[in-house]
Structures are given as C-alpha cells and as structure tokens.
Amino acid sequence: MTIDLTQFHDAFFEESFEALDSMEAALLKLDIGAPEPELINTIFRVAHSIKGGSATFGFSDIASFTHSCETLLDELRSGGMQVSLDISDLLLKTVDVMRAMLRSTQSKQPLDMQRVSDIQFDVELMIAQKNAAGPGNAPAKPAAVAPVAVAPPPAPARAPEPVSVAATPMVAAVAKHWEISFRPYRELFARGNDPLRMMRELAELGELKVEVDTSALPAFAALDAQSCYLAWKLELAGDVTEDAIKQVFEWAEGDCDLDLRLVGAETTAAPVVAAATASAPAEVAASNIVADAILSGNTSPLGIPSPPLGVPSLTAQSLAARSPAAEEPKHEPSAPAAAAAAPTAAAPTLTAVPSAKQDASIGAVGDSGSIRVSVEKIDELMNTVGELVITQAMLSQLGAVLEGTNAEKLRAGLAQLERNTRELQESVMRVRMLPISFVFSRFPRMVRDIAQRLGKQIDLKLTGEQTELDKTVLEKIGDPLVHLVRNSIDHGIEMPDVRIAAGKGAAGTVHLDACHRGGNIAVEVSDDGGGLDKDRILAKARQRGLVGQNDVLTDEQIHDLIFLPGFSTAEKTTDLSGRGVGMDVVRRNVKELGGKIELRSERGKGSRFIITLPLTLAIVDGQSVAVGSETYIIPLISIVESMRLKETSISRLSGHNEVFSFRGDYLPIIRLHELFGVEPRARALHEGLVVIAEGDGRRVGLFVDDLLGQQQVVIKSLEANYGHVEGVSGATILGDGSVALILDVAGIIHAASMRATERPATERSAKEPPAGAREAPVGAAA
Amino acid sequence: MNKRKQGAATRTTRRGRAAKTPGAETEHKSASGTFAVAAECTVADAGTLKSGLAKLLDDTGVVTLDIGSVQRIDTAGLQVIATFVRERESLGRQVEWRGAAPSLAAAAKLLGLSSLLKLPTPAARAVETAS
Numbered sequence: 012m013t014i015d016l017t018q019f020h021d022a023f024f025e026e027s028f029e030a031l032d033s034m035e036a037a038l039l040k041l042d043i044g045a046p047e048p049e050l051i052n053t054i055f056r057v058a059h060s061i062k063g064g065s066a067t068f069g070f071s072d073i074a075s076f077t078h079s080c081e082t083l084l085d086e087l088r089s090g091g092m093q094v095s096l097d098i099s100d101l102l103l104k105t106v107d108v109m110r111a112m113l114r115s116t117q118s119k120q121p122l123d124m125q126r127v128s129d130i131q132f133d134v135e136l137m138i139a140q141k142n143a144a145g146p147g148n149a150p151a152k153p154a155a156v157a158p159v160a161v162a163p164p165p166a167p168a169r170a171p172e173p174v175s176v177a178a179t180p181m182v183a184a185v186a187k188h189w190e191i192s193f194r195p196y197r198e199l200f201a202r203g204n205d206p207l208r209m210m211r212e213l214a215e216l217g218e219l220k221v222e223v224d225t226s227a228l229p230a231f232a233a234l235d236a237q238s239c240y241l242a243w244k245l246e247l248a249g250d251v252t253e254d255a256i257k258q259v260f261e262w263a264e265g266d267c268d269l270d271l272r273l274v275g276a277e278t279t280a281a282p283v284v285a286a287a288t289a290s291a292p293a294e295v296a297a298s299n300i301v302a303d304a305i306l307s308g309n310t311s312p313l314g315i316p317s318p319p320l321g322v323p324s325l326t327a328q329s330l331a332a333r334s335p336a337a338e339e340p341k342h343e344p345s346a347p348a349a350a351a352a353a354p355t356a357a358a359p360t361l362t363a364v365p366s367a368k369q370d371a372s373i374g375a376v377g378d379s380g381s382i383r384v385s386v387e388k389i390d391e392l393m394n395t396v397g398e399l400v401i402t403q404a405m406l407s408q409l410g411a412v413l414e415g416t417n418a419e420k421l422r423a424g425l426a427q428l429e430r431n432t433r434e435l436q437e438s439v440m441r442v443r444m445l446p447i448s449f450v451f452s453r454f455p456r457m458v459r460d461i462a463q464r465l466g467k468q469i470d471l472k473l474t475g476e477q478t479e480l481d482k483t484v485l486e487k488i489g490d491p492l493v494h495l496v497r498n499s500i501d502h503g504i505e506m507p508d509v510r511i512a513a514g515k516g517a518a519g520t521v522h523l524d525a526c527h528r529g530g531n532i533a534v535e536v537s538d539d540g541g542g543l544d545k546d547r548i549l550a551k552a553r554q555r556g557l558v559g560q561n562d563v564l565t566d567e568q569i570h571d572l573i574f575l576p577g578f579s580t581a582e583k584t585t586d587l588s589g590r591g592v593g594m595d596v597v598r599r600n601v602k603e604l605g606g607k608i609e610l611r612s613e614r615g616k617g618s619r620f621i622i623t624l625p626l627t628l629a630i631v632d633g634q635s636v637a638v639g640s641e642t643y644i645i646p647l648i649s650i651v652e653s654m655r656l657k658e659t660s661i662s663r664l665s666g667h668n669e670v671f672s673f674r675g676d677y678l679p680i681i682r683l684h685e686l687f688g689v690e691p692r693a694r695a696l697h698e699g700l701v702v703i704a705e706g707d708g709r710r711v712g713l714f715v716d717d718l719l720g721q722q723q724v725v726i727k728s729l730e731a732n733y734g735h736v737e738g739v740s741g742a743t744i745l746g747d748g749s750v751a752l753i754l755d756v757a758g759i760i761h762a763a764s765m766r767a768t769e770r771p772a773t774e775r776s777a778k779e780p781p782a783g784a785r786e787a788p789v790g791a792a793a
Numbered sequence: 155m156n157k158r159k160q161g162a163a164t165r166t167t168r169r170g171r172a173a174k175t176p177g178a179e180t181e182h183k184s185a186s187g188t189f190a191v192a193a194e195c196t197v198a199d200a201g202t203l204k205s206g207l208a209k210l211l212d213d214t215g216v217v218t219l220d221i222g223s224v225q226r227i228d229t230a231g232l233q234v235i236a237t238f239v240r241e242r243e244s245l246g247r248q249v250e251w252r253g254a255a256p257s258l259a260a261a262a263k264l265l266g267l268s269s270l271l272k273l274p275t276p277a278a279r280a281v282e283t284a285s
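These protein sequences, in sequence, are chains L and Z. Heads up: the first sequence begins at 12 in my numbering, then just goes up one per residue. Heads up: the second sequence begins at 155 in my numbering, then just goes up one per residue.
Possibly wrong hints are sitting among the right ones.
Claimed, not checked - Per the computed footprint, the stretches of chain Z lying under chain L, defined by three or more beta-carbons under 8 Å from a beta-carbon of chain L, are:
hint, stretch
1, 187-195
2, 237-251
To be verified - Chain L is nowhere near these chain Z residues, computed Cβ spacing over 12 Å in every case:
hint, residue
3, G215
4, S268
5, S269
By construction, these hints were calculated from the structure, which means they are not laboratory data. These numbers come from a predicted model, not from an experiment. Idealized CB from N, CA, C, for every residue including glycine.
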C-alpha cells in the first residue's frame with residue numbers, strides 16, 4: 012500500500028501561504044535591535060514547518076531554500092546575530108521568494124530560479140559574514156543553546172554517570188512543565204502525519220522527555236505497517252505556551268487524542284529549571300529520554316557533534332515493568348510525578364478533541380479555529396435561504412388575510428417562522444463574513460516598501476481591522492484600497508523636509524479605518540499630507556474643456572473631477588501635487604460593489620477617502636416603489652430623500668427636460684414610467700412622488716407613483732439568468748410571488764441622458780440647440 | 155514511491171555496505187541473518203520493510219540489522235523495526251546492529267524507542283573498535 016501524498020498538497024499550500032502571511036506580519040513587527048523572542052520564534056516556526064512540509068512532499072528546492080532561512084533565523088533566535096534592518100529586509104525578501112516558489116510549485120509554472128539563488132546566496136552570505144566577523148562569537152552558540160541541547164559534548168564523556176543517577180526521579184527539577192498525553196489513532200500515518208516531526212518540534216520548544224507506550228503494538232505478524240500503534244507521554248519543560256504546543260499537533264488534530272496539562276506552575280520546588288539543567292547535564296541526561304535539539308544540530312553551520320546515541324536502560328526497565336494489559340495511559344505512568352504535583356490541583360486540563368481548538372484560539376496569531384468550506388457550498392446555502400425568505404414572505408402575506416379560529420395560531424407560527432428565517436439568514440451571511448484585516452494585512456509591507464523607495468517617512472495606522480464584511484466584497488475592495496493608499500503616499504504625504512517646513516512632523520500618517528455605519532460598512536483612507544490643490548484641478552479641467560470657463564463649482568464638485576476617466580492621466584503627466592491616478596477605476600470598482608466613494612480634502616491638512624459599501628452582495632436594503640402596476644426596488648444606499656413636489660418648484664427646460672429645485676440645486680427629473688414604458692397612475696408631477704437618488708456623484712429625482720415600503724430583498728442576478736439591462740442591477744421575488752426589478756441609479760441616469768440626447772434628433776427639429784438639452788441633465792446634476 | 159523496494163527486501167550477507175562505517179562489527183557472528191535496512195524507511199516503505207523483516211523473525215540465530223545506509227526514517231518505519239526487535243527479544247532471540255545511522259538514532263531517541271531498540275551508543279562502539 013502506498014499513500015498518495017498529492018492529496019495533501021492543497022492543504023500544505025494553503026497552510027503555507029497563511030503561515031507566510033503571519034511570518035511577514037511578525038517580521039514587520041520586529042523591532043530592530045530589541046526584537047521580541049516570541050516573534051522570532053513565530054517566524055522561525057513558519058520557516059521550519061514549511062521546510063518540513065516541503066521536504067515531506069519532495070519539493071526539494073523549497074526545502075533547501077527554507078533551510079537557509081531557518082539557519083539564519085536560528086542564529087537570530089539563539090542571539091548569535093542581532094536583528095538589523097538589513098536582515099529584516101532580507102527576510103522579507105525570503106518571504107516573497109518562498110511565496111513565489113510555493114505558488115509556482117502549486118501551479119506547476121516555471122520560476123525565476125535566478126532570484127531564488129540570489130536571495131539564497133544573500134542569506135548564506137549573511138550567515139557566513141557573521142561567522143567570519145565574530146569567530147569569538149561562534150563558539151558561544153552551543154553554550155547559548157545548551158539548555159535545549161542538553162550540552163551534547165560532555166554527555167558521552169560522563170557516560171557511566173547517568174546510569175548511576177538514573178534511579179533518582181526527576182521530581183526536583185519538575186518546576187513548571189507540560190504533561191502531554193499524545194495517543195494517535197491508527198490512521199495517523201495515513202493522514203500524512205509523522206509523530207517524529209512533532210517530537211522534533213516540541214524538542215525545539217523546550218526540554219522534552221519522551222516516554223513511549225508500546226502496549227498497543229501487536230505481534231509482528233499482525234502489524235499493519237501503515238497504522239500507528241504507539242502512544243506517548245511527554246513532558247515539556249520551559250516557558251512554552253499552550254498555543255505553541257497545539258500548533259505542533261495542529262495537523263494531527265482529529266487523528267489523535269491529545270491531553271495537555273500544565274503541572275507545577277506554582278510549586279516552590281525549583282523555579283530555575285533552565286539553570287539547573289544547564290549546569291547539571293548528567294542529571295538531565297538521566298531522565299528517561301532527553302530530547303535534544305537534533306534538528307538544530309543538523310542544520311547548524313557549525314556542525315555540532317552528533318548527540319549521544321541511546322540512553323541508559325532505565326526506560327527499558329520501566330517499560331518492561333509495566334504490564335501491557337493493565338495500561339491506564341492517562342495517569343498511571345507518571346504516578347510519582349502526578350503525586351508531586353498534586354498540590355497544584357488547579358492545573359488546567361485541555362483535551363484537544365477536534366473542535367476544542369475553537370475555544371483555545373483567543374488571541375492566537377492569525378490562527379482561528381476554522382474549517383475550510385468551498386465558497387460554492389456557502390453560495391448554495393445562501394441561495395436556498397434566499398428562497399426560504401421568499402416563501403416565508405409569501406406565507407405571511409397569505410396568513411394575514413386568513414380568517415377563522417386557527418388563523419391567529421397560524422399567524423403566531425408565521426411570526427415565529429419569520430424570526431427564525433431572519434436569524435438563519437443572518438447566520439448564513441455571517442459565515443461569509445471575514446474581518447477586513449485580511450485586506451489590511453497587506454498594507455504594512457506595501458507602505459514600508461513604497462515609503463522606502465520614495466524616501467518618505469510614513470506611519471501607517473490601522474483601526475477597525477476586525478470589522479467584518481462579505482468575502483466577495485472583501486476580495487474586490489483590495490485593489491481600490493491599494494490604489495488609494497499608494498496615492499496617499501505618493502501624492503499626499505510630502506517629503507520630510509517639506510513637512511517640517513510646513514510645521515508638521517517629518518513622518519506622515521496614513522490611516523486606514525473600517526467601521527459599520529448603519530447597514531453599511533465604511534472604509535476610510537486618510538492622510539495628513541498636502542491635500543488636493545483645487546485651483547490646479549479646476550484649471551486643468553477648464554483647460555481640457557470638462558468644465559465651462561465661467562462655471563462655479565463647489566468643493567465637492569471639484570473633488571469629483573479627479574474621478575473622471577482620463578483626468579487622472581493628465582494629472583500624472585503634468586506631475587501636479589494632486590492625485591488622480593486611475594481614480595476612475597477606483598470609483599468604478601466601488602460602484603460595482605454597490606458602494607460609493609466620497610472625498611474630503613483640505614489644502615495643507617490632508618485628504619480623506621471614504622468608501623461606503625454594502626455588507627453583502629446577496630441582500631440589499633431596498634425601498635419598493637410603485638410605478639403603474641409594477642413594483643421596483645431602489646437600493647436605500649442611493650436614496651437621499653423622497654418628497655412630493657409642488658407645482659411651483661418645477662421648471663421645464665427646453666424640450667422634455669424637467670428640473671426641480673432641491674435645496675438650492677436644480678435636479679433633473681427622470682420619469683420611471685417613461686424609461687420603462689409602463690402605464691402610470693399619475694402623470695402630473697405633483698400627483699406622484701419624487702425619490703431623490705444619487706448615483707455616480709450625480710443626483711436626480713425619480714418620479715414614481717407611490718412608495719410601498721422598505722424591506723431587505725434577496726438579489727437574483729439578471730446577468731446570470733437573462734442578460735444585462737441598463738439601469739437594472741438585478742431582480743428579486745416579492746412576497747406575493749411577483750418579480751421586482753432592482754434599480755441601478757447610476758445606470759438610470761446614464762440611460763436617461765442617452766434618451767435626452769436622442770430625443771432632439773428624433774422628436775424635434777433643430778429649433779432648439781441640442782447641446783443645451785444635452786447639457787441640462789448632466790450639467791445640473793454634476 | 156516504492157522505487158527502492160528491491161534494495162530494501164534483499165537479504166544480504168555482504169559486508170561491503172557496512173565497511174565504510176568505522177564501528178563495523180567483526181565477523182564472528184554467524185551470518186545466518188543479516189538484513190540491510192534500506193535508505194528510505196518512511197511510511198511508504200514500511201510495508202516492504204515489514205515483509206523483509208518477517209522472513210527473519212523465526213531465524214534461530216543472531217539476526218543482524220545493517221542500518222549503515224539508512225538515510226531517512228519516520229515513525230512508521232521505526233515502529234516496524236521496534237516491533238521486530240521486541241518480538242525477537244520476547245522469543246529470546248538476539249538482534250544485533252551493524253553500522254550507524256544518525257537519522258535512525260535521532261528518531262529513536264525522539265520517539266522514546268532507543269532503549270527498546272538497544273542501539274549501540276557511540277561510546278560503546280568506540281570501545282568495540284578499539285579492542
């Protein structure tokens with residue numbers, strides 16, 4: 012029987028990419044000069060597990076590369092080298108290379124091996140330089156590692172001694188340690204797990220004592236070579252967190268019984284384990300099995316001597332003495348130790364059953380208990396829930412008109428159904444929600460790189476990272492945000508000398524914030540840079556004929572100009588201080604998500620871009636309006652307000668164009684019944700209602716017969732089932748089973764202005780200047 | 155994945171492989187059973203390893219396991235060897251080791267199987283070579 016390892020590849024790649032993300036984040040958090048040891052450990056563990064995994068799967072290139080990184084990290088970890096800016100830069104580059112290597116292996120695409128070997132060379136050079144520069148430093152390393160490595164060299168010399176001390180139990184040295192009962196299920200090997208790898212990792216975390224339980228081993232003939240019969244009882248001493256241990260067993264989760272117990276945390280016995288073990292190697296060697304840093308022995312460029320093989324016969328005796336039949340794994344093997352630790356009865360016990368990780372994941376570094384589910388499955392579920400919502404609405408409507416003794420009961424049941432449906436819907440939606448930190452996390456690196464390149468000093472501030480939004484929205488908001496942040500650094504934040512001259516601090520701040528606002532999510536990118544230069548923008552726009560020479564624009568309208576396609580390019584080539592590179596693309600992306608973008612800027616003080624997005628693309632808060640016999644849904648996000656017009660506030664421009672006065676502005680009116688060819692109930696504007704809606708930064712009044720109510724509607728894609736219709740973003744099914752179209756305000760404005768330009772040509776003679784008719788809706792709304 | 159299958163299963167009495175190891179045993183043992191453990195002893199090779207060893211289980215003489223060429227070993231591989239050694243021992247039959255395999259020794263140590271396997275310590279081997 013052979014095991015097809017390829018089935019684990021996907022899991023390996025996914026885990027590795029995630030691990031690299033956390034490695035990158037940890038690298039960015041690393042303080043030059045005084046790095047936090049836990050961060051270095053985190054980084055080391057990532058490199059280490061990627062190395063292990065890639066070696067297992069036969070990706071020898073990756074294994075070899077990560078091996079070099081690991082060696083460098085090991086130097087940092089042991090204090091043999093100090094974290095410098097050069098090193099952290101180099102390590103960030105290695106993250107990139109590892110990512111590229113994994114990606115190319117995953118997609119079976121060729122890779123730029125030159126870059127790989129360049130970086131690898133740099134890493135090895137860095138290590139070599141250290142060794143060359145400080146030969147006095149080099150020998151110090153084994154000593155520094157000694158508490159873990161149990162000082163391999165002296166042990167063989169004192170070979171007889173351990174035997175004599177062997178009978179002394181280790182109680183004295185038991186200060187604070189973890190007792191781990193690790194009992195793999197039979198199929199552990201078949202799932203691609205190797206206890207050896209875990210032991211090795213544990214041995215790196217602290218001083219490890221291993222006791223194997225062979226009682227389950229069958230007779231040789233009955234042995235299935237691919238099943239795991241062994242179980243272990245481990246003692247791990249040292250300052251090790253529970254998360255670190257769990258991380259070691261992460262891959263085996265569900266394939267083993269794992270029991271962690273922290274023992275002797277408060278005993279007065281011997282608070283200085285590390286010191287004791289370091290100074291008395293013989294005693295340590297006498298413990299059942301002393302795991303040493305075999306791996307660091309292998310990887311060390313210094314060539315630490317091979318650890319002593321074999322260990323005195325104590326364990327053999329204890330194993331033989333133990334009756335294989337009467338095995339009570341949890342408590343029996345370490346009865347003396349347990350007794351010694353008894354005073355600390357409060358020792359926490361955690362059993363890692365498959366789901367237990369969820370409880371333990373508080374504050375873990377990017378390591379939340381989770382299962383992987385394909386997006387299609389969630390979408391399917393979402394769709395079904397959507398149908399359920401519709402059915403429920405139908406039943407409610409039916410129930411409302413029923414009469415009789417049972418009708419009241421039915422209505423009570425329906426109310427319950429409605430509540431449950433809503434909860435279900437919210438739960439399903441929550442499944443699709445991810446914190447925005449998934450997007451934010453890429454910025455520290457990016458900001459650092461750009462700032463370095465431009466010679467600017469930037470402080471990046473991230474807030475509201477835990478704000479959750481729909482995965483689809485999340486994926487699509489990344490690029491626009493990157494664009495905005497890049498613009499902020501490139502065009503917004505000034506060079507340090509300029510800033511100081513302007514009385515600001517040398518370092519500029521770019522602030523990314525996310526929060527829930529009503530039923531929407533607001534993401535804000537702000538900076539304390541130079542702000543927009545309105546005069547220049549306006550001059551540029553006039554020059555290009557986008558704005559009439561004598562038009563007076565509000566600040567808002569001027570800011571809006573930078574979102575116009577083509578405008579941005581001009582900005583860039585003329586190298587003005589304003590921004591605008593590809594801003595039209597940003598706005599388009601945001602619009603595609605059903606959101607909007609606003610800009611506030613003050614000269615000399617900075618700019619704020621505020622993106623408002625719907626929480627999800629599957630459901631929209633809508634206002635249903637009646638036009639004739641039809642019902643349409645207008646997304647609430649695009650509605651400014653609704654009003655009944657007075658005859659006096661309406662003015663008619665040339666031709667069919669009607670405008671009305673709204674707070675000092677004149678807004679064009681779009682009659683929905685005309686646009687959609689529906690027979691209306693009211694034709695006179697003062698008889699119906701006007702919904703003032705906003706799209707693409709323009710405001711219009713949509714003329715409808717009546718407002719029906721606000722409700723959440725499930726969006727059904729028209730594109731998927733029919734085709735794209737201008738002015739309509741989707742459809743939904745109403746409670747009575749009828750279909751209502753969901754309006755896309757920006758599309759409607761566009762469609763209406765197209766009609767307005769066509770009309771003069773078809774309906775009227777050249778009596779009226781067509782340009783005037785064309786200008787009216789656009790110009791007034793802009 | 156099983157490309158080393160043949161090599162692993164061959165019973166051999168040749169000493170060639172072990173010769174490069176400084177601590178190679180002298181020839182006084184009857185060559186009734188010497189088994190060269192393959193370079194790769196991972197879970198994928200464990201089945202082959204087991205069927206190879208099975209033939210030696212009832213060997214009444216001393217069985218010598220030549221581990222000189224072992225490069226990679228994992229828990230599954232070591233479990234097979236440990237079961238073999240344990241069973242031989244319970245039948246009162248001897249298992250001797252030839253050659254040294256740092257990877258095997260390290261693995262045995264980490265898994266707590268060193269004492270069960272009774273691998274020779276470097277010190278013991280050094281003495282042996284000296285005599």
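Hints, verified against the model:
no. : hint    : in the structure
1   : 187-195 : violated (count 0)
2   : 237-251 : holds (count 4)
3   : G215    : 17 Å, holds
4   : S268    : 5 Å, violated
5   : S269    : 4 Å, violated
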